[in-house]
Amino acid sequence: MKLDLQTASDFIYRETRMLDEGHFEQWLELFTRDAHYWMPAEWQQTDPLLQPSLMYEDWFLLKVRVQRLTAARTFSQKPKSRSCHVLQAPQIDELSDDAQHCRTWTPFHYTEIRGDDSTAFSGWLKHELQIQDDTIKMQLKRVELLNFDAPLPAIQLFI
Amino acid sequence: MPHYANSPDAIKALIRPREIHRDAYVSDEIFDLEMKHLFHNTWVYVGHASQLPDKGDYLGAEVGRQPLIIVRHSDDEIHAFYNRCPHKGVRVTTEECGNAGRFFRCPYHALSFRTNGQLMAVPLKKGYEGTKLEDNIAHRGLFPVAQLKVYREFIFVKLNPGGESFEEFFGDSLSTIDNMVDRSPAGKLVAEGAPLRFMHNCNWKMLVENQTDTCHPMVAHEASVGTAVDIWNKEGDGGKHPGVEMLAPFMSPYEFFEGIGIRVWPNGHGHTGVSGSIHADYSEIPGYFEKMTESYGEERAKAILDEVRHNTVYFPNIMVKGPIQNIRVFKPVAANRTLVESWTFRMVDAPDQLFARTLIYNRFINASTSIVGHDDHEMYERAQIGLTCNGLEWVNMQRLYEEDETYDQEAVVNGTSERQMRNQFNAWQRYMTMSMEDESAVGAEA
Ligand code: FES
Ligand SMILES: [Fe+2]
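Sequences listed follow chains X and A, in order.
For reference, each letter of the first sequence is one residue, going 48 to 206 in my numbering.
For reference, each letter of the second sequence is one residue, going 9 to 454 in my numbering.
Excised from the complex, chain A in its bound form (with noise of 0.2 Å):
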């Protein structure tokens, strides 16, 4: 029996203040609504239009269920479409990614598409005369997507008219996307290198809220980075390992990541390291500094290098580091399965260590290969799986629990909070339940 669907009431039921049902994690249904209603009711994240460096270069993607096919049309203006062929429905593409030319043409019966999705050409067309094509919907060629944002290269899409516009829905929180961007003394990123991919046997939601979880890394990781740092402590040439430097702040205690804090925006947004971060203590790298002074002014360089955020969740399911140039997409599968695909970014114009080791950060901590990986990987699925049990239902959220807490906002607080999380869920529930509230949304079930 049908327990959510439209009913708003039941679902805002799953979120207390200070904890969450379980249901959010591991019911069938829940997992069926947030792809039909959350993830058509936010800006998600597509791709970066360095993957499109050439007109005609398209690539694949799924929103909520929905295959997408992003594009690069001949003006140089980005597109998406739904990757369905408005005949009979055939997927246009099944590549990640490719140049479709001038058109794309469906593979079934050959109806061809201009890269900003109209209706190119009709085989035996005259088959067709007197039948009113024109007035079909089939004749506007590709179902474009309602709303895309490309901002500073970053592609984002919602399925969905209306709402929060781009602006309103990320707010300040792209300062951190600024910061990634201005770290290329360019002021351009280029993703670069396959990104890893890492299947998850657990709900998307534990991946978004370990992301500011700052009460694990010393705990859960003490097994691979412990036994880094306490090997390199003893047999270590007493110079600096790249890796142990990556790796080594992991195990800060409790108070060095109450002291960086975390900041929340409104909408489910926020970062940890406002102050401070794991990643501020990197060695220099010859000549960075050099070329974002001539870029920048020494004043602003040093203010864009200073900016050490930690990790950014954009609300619902990416995460951002800027200062190593590394992204997290948390792509939910089913309630028990997330991949999790880590991209890597060159900064344009900067030294090439510095991209060696973006690509070194996400072999340690981001591969399946990884051992900091297995140690989280290893919390998800117990999670996912001891939330069966029936005695508790609920999950605790409530660490710096403040009675007044509003998440209409932006705030700084201690860095051990979970208002992060909480502040997660209560745009989960708001953006869950606004298209069921209004059915008549288009494309809410779809």
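So that you can see chain X by itself, here it is in the shape it has in the complex (with noise of 0.2 Å):
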């Protein structure tokens, strides 16, 4: 299998209908083992480690928030919140000689909304893909936030 921008955003399309559908245990499958999803929280933030982020997640940690979601007293998800997203046609900014890896460029929409709230954000989605056993994964999904630097409200879902 090989990377190329029909491939890619398919895949982007579907990553995120997962998402909106509650299909989390199966989105995490999307990941490698080693993979992050990252949210910084400054402008062209270069380093995950060294600068603040709203979220560096690796494989454990999403993990654990997808089971949160679903546990008996997780009284912030009484009732439970619900998400939308919608994307820009994705770009491709990279793609590997063998086609195996890419980095591509997705302008969104994101609005969660629970009970009678709702909020809604916009940025860029940049995700990392590459062939594993013949399937597209992710080894990082990051997501830039418009206003990453103002009072943000609870964000409870995956954007």
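Heads up, some of the hints might be wrong.
[What the hints assert, rightly or not] Derived, one-sided and incomplete: chain X residues facing chain A with beta-carbon distance under 10 Å:
id : residue
1  : Q73
2  : A88
3  : W90
4  : E104
5  : A118
6  : R120
7  : Q124
8  : K127
9  : S130
10 : G170
11 : K173
12 : D196
13 : L199
14 : Q203
[What the hints assert, rightly or not] Distance condition first, Cα-Cα at most 20 Å in a straight line; then the derived SDA-like pairs of lysine to any residue:
id : chain 1 : residue 1 : chain 2 : residue 2
15 : A       : K242      : X       : K127
16 : X       : K110      : A       : K310
17 : X       : K125      : X       : S165
18 : X       : K125      : A       : V227
19 : X       : K127      : X       : R161
20 : A       : K242      : X       : Q114
21 : X       : K125      : A       : A419
22 : A       : K242      : X       : L75
23 : A       : K196      : A       : Y304
24 : X       : K110      : A       : G247
25 : A       : K310      : A       : Y296
26 : X       : K110      : A       : E253
27 : A       : K196      : A       : Q361
28 : X       : K125      : A       : V252
29 : A       : K242      : A       : V252
30 : A       : K157      : A       : Y90
31 : A       : K242      : X       : R161
32 : A       : K157      : A       : L132
These aren't lab readings, by the way, just hints derived from the structure by calculation.
Since the model is a prediction, treat every value here as computed from it, not as a measurement.
For each residue, glycine too, the CB sits at the ideal point set by N, CA and C.
Please dock the two separately framed chains into a single complex, following the hints provided.
So this is what it looks like as structure tokens:
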């Protein structure tokens, strides 16, 4: 299998659709085991460890988040949140010669609701994709919020 | 109908020895009076000197609804001014921070002010000739804040003149700031990285109380921390996960929190973790202790690192975590709205891994995306709504209350006591009413 604009775009649309449909366990399987989900807290951030982030989660921490969403005593999910991603067509920023790795750029609108409250965010998704066992996996999903530095409400799901 | 303005007795009646009237949390009028009185009568944190490394550097702050500029003058002295041009009142700066160079220039008619506030130049000056400008208060330039203190680079202001000095107000509670600074082998901290900003729909005092609420972690955080510990125990590689190492102590049993103790100081300050805390068992970072020994000698280095205080509340609205170099600033926005800004500090001359750990802690606990944060946030918001119920008007605060309890001296008590919360409210009613009884206090109605 090879990565190109079509396969990468299909993957990204499917990935965010899983989130919106609440298939979180399935979504976790889209990551390599050494992957990270990164939400920087500074503009054009380069370092996830020595600069502040809102999230820099490894696979284990993502799994904790997913299990927590359905745990009996997760009071901040009573009632449950739901999300909707609206994506602009992804672009490929970099593709390896063997077409096994690529980096993509995808502007988004994201709405998260809980009970009567609704909050909206926009920004850019930056995926690092790779082929592993003939399927596409995320090595990195970087979520750049437009207003990362504003006072933010609780963001409970995954953008 | 205003109920509380200029009625110190009505305000004091909100505070009973074992309970607090809900108006302290839900009344818009009380909030307004907090902004005019409480935050004018107390020493309030506005920033860290490392945010102003160069001459002319300034930052914006707001204390009790008053917009301020904090600036480093050419002689390195730090000054605080009301952010208002003495001419027509235009706000002089709008950025969170910046560098003014040698002077501030008002963008409206170009009056300019040195960074020590003095009026420097007035365009078309001849228009003022014979008008006695020099007798007008505008001639003095930017209006200075009454009191300012830089303590080990932490900058505090008090808007009202007089009252307790900085040292009297904070007393021995400054030992927590001391410990946080001493943990740097160079004895120096740098505020580094943007703060995380998390908006809460609740009263600011709920957040402050929660800093010394040791009976909630194992309950409210079961979903986040309990889940993390469970998964790691089942599926972890047997080693240490930096996240689990930080989260797991939250699930410690009641006995642990009873044992670590709470220390209260006069004027509303206090801390959890007198002997041991949830920050006590982080793994060692290679090279750090050696650096500390080099700077302080082994015995002193050990003493500094053995002090592992958990949360120190500096009344009214910040919390300092010495062992992890993290502070939370609880910024009141409205009776039912509070912005929490969580800042991280790098210890100069300490290994990078320690700063990385501070950043992990901040995003794990204080971010708007933090699952631990979500647990707490949900409780505050439910309380803010629950308090509108008319059946019960009082918030209970009597855990481990003692009949002869006083708040005018230091005390160490059981770690699950609500004494620090009572201590805060004791201070609250005092600082709320002191400038009502004396309406002549300058600035009280500013
Ligand atoms: S308002 Fe500032 S110069 Fe006129
Ligand atoms: Fe908590």
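Hint check against the structure, violated hint numbers in rising order:
1, 8, 9, 10, 11, 15, 16, 21, 28, 31, 32
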